[in-house]
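Peer 1: Chain by chain, the residues run as shown.
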Amino acid sequence: MHKRALGAAAVTGVAALALSACGGSSPTTPSDTGAAGTSKAATTTGTPETPSGTAAPVRDANVDLVIWTDADRSAAVQKYADQFAAENGVTVKVQISTDTRAQFKDATKVGKGPDVIVGAHDWLGELVQNSTVAPVNLSSDVAAKFLPKAIEATKFNGQSYGVPYAVENIGLMYNKDLVPNPPKTMDELVATGEKLVKEGKAKQVLSQFVSKVGNAYFAYPYLSAFPEGGIFAIKPNGDYDPNKVIVNTPDSIKGGDVLAELGKKKVLSTNVDDTNQDALFDTKATPFMISGPWSVAKAKEAGVNYGIAPLPSLTGGGAMRPFLGVQMFYVSSKAKNAALAQEFVTNYIPRKDVQLALFEVGKRPPALKEAYAEVAASDPDVKAWYEAGIDGSPMPNIPAMNSVWGPFGQATADIIAGKAGAKERLDAAAKEITANIAKG
Amino acid sequence: MTKPIALAIKWVLIVATLAGILWIATRLAQAGNTMAVVIAGLVGMGILAVYATRRSVPLKYLVPGLLFMILFQLWPVLYTASLSTTNYGDGHLYSKQESVTDIIAQSVREVPDTPRYKMSVAIAEGGDPVTADLVLLLTKPDGSTYVGETTGLKPLPPAGVEKTSIGKITKAPGYTVLTAKQANARSKDLSAIAVPTSDGGGIKPVGLSEAFEGKATVTYDAAADKLTDAGTTPPTVYAPKDAKWVNVADATQSFPQGWKENIGLANYSRIFTDSTIRSGFLSIFIWNIAFAILSVLTTFLLGMLIALLFNDPRLRGKAIYRSLLILPYALPGFVTALVWKGMFNQDYGIINQTLNISVDWLGTPAGAKAAILITNLWLGFPYMFIVCTGALQSIPQDVREAATIDGANAFRTLRSIIMPLLLVAVGPLLLASFAFNFNNFGLIYLLTKGGPFNGADTSIGSSDLLITYAFRLAFSGSAPNYGFAAAVSVIIFLLVALMSIPGFRRTKALEEVN
Numbered sequence: 001m002h003k004r005a006l007g008a009a010a011v012t013g014v015a016a017l018a019l020s021a022c023g024g025s026s027p028t029t030p031s032d033t034g035a036a037g038t039s040k041a042a043t044t045t046g047t048p049e050t051p052s053g054t055a056a057p058v059r060d061a062n063v064d065l066v067i068w069t070d071a072d073r074s075a076a077v078q079k080y081a082d083q084f085a086a087e088n089g090v091t092v093k094v095q096i097s098t099d100t101r102a103q104f105k106d107a108t109k110v111g112k113g114p115d116v117i118v119g120a121h122d123w124l125g126e127l128v129q130n131s132t133v134a135p136v137n138l139s140s141d142v143a144a145k146f147l148p149k150a151i152e153a154t155k156f157n158g159q160s161y162g163v164p165y166a167v168e169n170i171g172l173m174y175n176k177d178l179v180p181n182p183p184k185t186m187d188e189l190v191a192t193g194e195k196l197v198k199e200g201k202a203k204q205v206l207s208q209f210v211s212k213v214g215n216a217y218f219a220y221p222y223l224s225a226f227p228e229g230g231i232f233a234i235k236p237n238g239d240y241d242p243n244k245v246i247v248n249t250p251d252s253i254k255g256g257d258v259l260a261e262l263g264k265k266k267v268l269s270t271n272v273d274d275t276n277q278d279a280l281f282d283t284k285a286t287p288f289m290i291s292g293p294w295s296v297a298k299a300k301e302a303g304v305n306y307g308i309a310p311l312p313s314l315t316g317g318g319a320m321r322p323f324l325g326v327q328m329f330y331v332s333s334k335a336k337n338a339a340l341a342q343e344f345v346t347n348y349i350p351r352k353d354v355q356l357a358l359f360e361v362g363k364r365p366p367a368l369k370e371a372y373a374e375v376a377a378s379d380p381d382v383k384a385w386y387e388a389g390i391d392g393s394p395m396p397n398i399p400a401m402n403s404v405w406g407p408f409g410q411a412t413a414d415i416i417a418g419k420a421g422a423k424e425r426l427d428a429a430a431k432e433i434t435a436n437i438a439k440g
Numbered sequence: 441m442t443k444p445i446a447l448a449i450k451w452v453l454i455v456a457t458l459a460g461i462l463w464i465a466t467r468l469a470q471a472g473n474t475m476a477v478v479i480a481g482l483v484g485m486g487i488l489a490v491y492a493t494r495r496s497v498p499l500k501y502l503v504p505g506l507l508f509m510i511l512f513q514l515w516p517v518l519y520t521a522s523l524s525t526t527n528y529g530d531g532h533l534y535s536k537q538e539s540v541t542d543i544i545a546q547s548v549r550e551v552p553d554t555p556r557y558k559m560s561v562a563i564a565e566g567g568d569p570v571t572a573d574l575v576l577l578l579t580k581p582d583g584s585t586y587v588g589e590t591t592g593l594k595p596l597p598p599a600g601v602e603k604t605s606i607g608k609i610t611k612a613p614g615y616t617v618l619t620a621k622q623a624n625a626r627s628k629d630l631s632a633i634a635v636p637t638s639d640g641g642g643i644k645p646v647g648l649s650e651a652f653e654g655k656a657t658v659t660y661d662a663a664a665d666k667l668t669d670a671g672t673t674p675p676t677v678y679a680p681k682d683a684k685w686v687n688v689a690d691a692t693q694s695f696p697q698g699w700k701e702n703i704g705l706a707n708y709s710r711i712f713t714d715s716t717i718r719s720g721f722l723s724i725f726i727w728n729i730a731f732a733i734l735s736v737l738t739t740f741l742l743g744m745l746i747a748l749l750f751n752d753p754r755l756r757g758k759a760i761y762r763s764l765l766i767l768p769y770a771l772p773g774f775v776t777a778l779v780w781k782g783m784f785n786q787d788y789g790i791i792n793q794t795l796n797i798s799v800d801w802l803g804t805p806a807g808a809k810a811a812i813l814i815t816n817l818w819l820g821f822p823y824m825f826i827v828c829t830g831a832l833q834s835i836p837q838d839v840r841e842a843a844t845i846d847g848a849n850a851f852r853t854l855r856s857i858i859m860p861l862l863l864v865a866v867g868p869l870l871l872a873s874f875a876f877n878f879n880n881f882g883l884i885y886l887l888t889k890g891g892p893f894n895g896a897d898t899s900i901g902s903s904d905l906l907i908t909y910a911f912r913l914a915f916s917g918s919a920p921n922y923g924f925a926a927a928v929s930v931i932i933f934l935l936v937a938l939m940s941i942p943g944f945r946r947t948k949a950l951e952e953v954n
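If you read the sequences in order, they're chains A and B. Its first residue numbered 1, the first sequence is counted upward by one per residue in this note's numbering. Its first residue numbered 441, the second sequence is counted upward by one per residue in this note's numbering.
Treat each hint with caution, since some may be false.
Restricting the straight-line Cα-Cα distance to at most 20 Å, the calculated cross-link-like pairs of lysine-lysine (PhoX-like) are [stated by the list, open to error]:
id, chain 1, residue 1, chain 2, residue 2
1, B, K809, A, K419
2, A, K334, B, K628
3, B, K621, A, K334
4, B, K684, A, K439
5, B, K536, A, K109
6, B, K628, A, K439
7, B, K536, A, K334
8, A, K155, B, K621
9, A, K109, B, K655
10, A, K109, B, K684
11, B, K603, A, K105
12, A, K369, A, K149
13, B, K628, A, K112
With beta-carbon atoms standing in for the labels, derived distance ranges [as the list claims (entries may be wrong)]:
id, chain 1, residue 1, chain 2, residue 2, range
14, A, G318, B, G671, 32 to 40 Å
15, B, K580, A, A144, 18 to 26 Å
16, A, K244, B, G704, 48 to 56 Å
17, A, A86, B, A599, 29 to 37 Å
18, B, A632, A, A86, 23 to 31 Å
19, A, A86, B, L447, 54 to 62 Å
20, B, S715, A, D106, 28 to 36 Å
21, A, K112, B, L771, 56 to 64 Å
22, A, D106, B, S709, 36 to 44 Å
Honestly, the hints are just simulated from the structure, not real lab data. A virtual CB, placed ideally from N, CA and C, is assigned to each residue, including glycine.
Chain A extracted, bound-state conformation (with noise of 0.2 Å):
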């Protein structure tokens, strides 16, 4: 028994890990894995502290700057806070944190928190509720070289939290070989997946992140596709509104209806999820996969001739419009080094060469214009994931978005799984949510 009660305390620490990550953010877990190996580390002069287990890093006292990464970025990230060091004479540590958005929070309580971190736009309204990010004031210049919607990303109350380094949001992959172009609404996308089925050239018609309990961030582009449907009302200032919850409006419901028909259809099932979604699609069963960036790298391991296109449309609606995530640098409101980190992330983040460094090891389509396009000059999958993410609004960023993620997911999966009808399931749902943001 004893063995199992370590056990046991091990993976209470990995499901911690792992429920941070579904509870809120965005599904960007999976991602990163693979394009790693890609990453330049030759003139790395320090390399990144690896932790052991999945413990927060312990801060190094001894230090002027300190950066929270994952993994997967700490190689370019150290790159350039070696130049940052050498540069202005100071020592910098990079440090690779397994779960940098509780981790970050946790520490920062104890005054033992990082000077800087990386990670996803959305975690920004929950940092600024909990006092753990101070504002980053970039010049007008300086924030006219990104994209609008990025720049958008990095604002709470009209506040600028951060500099942007890389945007990502889902799209359709479908196999080249089984479907030579791709469909343009989701009838279409439907006949010809159901067309391959009967012909024995695949199982399925479509791959898509759904599971048991649901997954909004998957979810949403199908309200998206009717003009008043979503999540959250846009106030007048651009921000949203977490007062005027709209997953029941009718534009809403009707996207709803398409989750259910779908359903029906068996082309979405809660069947499907992040351990077998990209299984489907890279062993050939399925011609079409919605996903994002971090799908590419087994496709390509697993040989597949893929491509990337917009999502579809719906029948009565427009273009399904997906979330757009946007990834970030921030600096701690609690930094010991608060002038340094500054520094660092106005002068060095806004630049070409670091963030075509980031973007080697993400393979994101860069936020700032410049790098941006020289990349999509020369990668046709960025500039494909780029269009597919051009109609989409950027991920709200308000703390009432934690309400949302538990309540809408379960919502759609139910739809799918026909255990409750659109309307009655999103009426549901809209009363809890609106239930939870007054408690919280």
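Following the hints, put chain B in place on chain A, whose structure we already have.
Peer 2: For chain B alone, kept in the frame of chain A given last:
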């Protein structure tokens, strides 16, 4: 008379312990925790008094256990209980004062149409870089240079001033420019600097080479205990309500930064008055007990049957079979759980495919519960098998022979002779197994995450145990709320404590058989 060597060892140990306590106390002092330092001191003195003198011999045996019990059992319980009377959680981590400071700091906006300055941090010549007042050497985009002090902005004559290509001043007569390291060491002072300007804003540094003119839109009126945001027209007034700053005119608007405060027994009353939580709590509790009992029963029965089978002297190749049977136990539990999760998949799982059925294992409450029990049977039976094998081998062969001679058949021997002897040995282990499974977080979490969730309530899953439920409340879900989760934990603690009383009585009874 104690031998000198024993005495030496004793004193070495005492000194080592005291040194350890001293080390802990210095760390606590660094962290500014006065109360804890005092307690550490008392503990140190207590240890010295007990072990250096002969005054109380029994305490010499009891002190280590007592100390560890207080540290690892009592303290967490008390801490959890004290946390359960607060609203500690996301958005309520710091004090009210800190929330005010933070809100004001975050409200600083760049004043429109003001220039960005290139900046160097400097001190008056001859000053000490560590303590001297900081000044900002500023360059406007047009190349004109200024000195920014707490009193205001004054021009810096260009004579003798050296600049980099981007305009950052590297040398100015009368000032010493600080290096990045020196300036960074004064981050606190730097962030407090705001060189006042004529329009009410302040020139503030961004990092070490740029400065902008910013203005905080929010002000705090300590007398009225109100925040005013002048950034809107008309200005918005916020007053404290439910540990948050809420807009006086529109209660739906508030600042995200709240503060931690004592809310008495509100968390407990919520558990008992909120109908969703109350009914959910009950159903989770019932399933939790059923899960623990069924897990122990199934694993024990299977393990015991196999152990009986392999205890038969006529069976050959026992060593190989036994090693193979231990395999599920030897594999890491969380890998196994994930593999089982894949096997239970309705469409692609091997179980449905082999049996040619279409059971939605993980999507229906009954299916999920069955899947959990089956997986736990696989994970748990090897342990019972090992334990029973050991216990069976310790039962002397002549007892069975005596039973056979007395005319008992195999079943009767098992029921009246072997089982009682076996239970004496494994009884306490069954209780331990029950306690372990009662809090078997990992299995549930990896297999179903507590789901499936029914209807419009995603806070209570149909395969949730109390521990996974409390975990979801504390660390995920809509808004992590440690205070409320602590209250739930206290309730769980009381339930488990109540349930273990009969358990301990039973163990005592088993011991009396011996």
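Peer 1: Decide if the proposed pair is consistent with the structure: K684 of chain B and K439 of chain A, CA atoms, cutoff 20 Å inclusive.
Peer 2: holds (12 Å)
Peer 1: Can you tell me whether the CB distance of K244 of chain A to G704 of chain B sits inside 48 to 56 Å?
Peer 2: violated (33 Å)
Peer 1: Please verify whether K809 of chain B and K419 of chain A have alpha carbons no more than 20 Å apart.
Peer 2: holds (19 Å)
Peer 1: Run the distance test for K621 of chain B versus K334 of chain A: straight-line Cα separation, threshold 20 Å.
Peer 2: holds (18 Å)
Peer 1: Could you say whether the range 56 to 64 Å given as a hint is met by the Cβ separation of K112 of chain A and L771 of chain B?
Peer 2: violated (36 Å)
Peer 1: A range of 54 to 62 Å was offered for this pair. Does it hold for the Cβ distance of A86 of chain A and L447 of chain B?
Peer 2: holds (59 Å)
Peer 1: Would the pair K109 of chain A and K655 of chain B pass a check requiring their Cα atoms to be no farther apart than 20 Å?
Peer 2: violated (27 Å)
Peer 1: Evaluate the given range 36 to 44 Å for the C-beta pair formed by D106 of chain A and S709 of chain B.
Peer 2: Hint violated: Cβ distance 29 Å, outside 36 to 44 Å.
Peer 1: Can you let me know if the beta-carbon spacing of S715 of chain B and D106 of chain A is within 28 to 36 Å?
Peer 2: holds (33 Å)
Peer 1: State, for the Cβ atoms of K580 of chain B and A144 of chain A, whether the hinted interval 18 to 26 Å holds or is violated.
Peer 2: Holds: the Cβ-Cβ distance is about 20 Å, inside 18 to 26 Å.
Peer 1: Are A632 of chain B and A86 of chain A spaced within 23 to 31 Å by their CB atoms?
Peer 2: Distance hint for A632 of chain B, A86 of chain A holds at roughly 29 Å.
Peer 1: Hinted pair, alpha-carbon criterion (20 Å max): K334 of chain A, K628 of chain B. Please report holds or violated.
Peer 2: holds (10 Å)
Consistency with the previously given hints fails for numbers 6, 8, 9, 11, 16, 21 and 22, ordered from lowest to highest.
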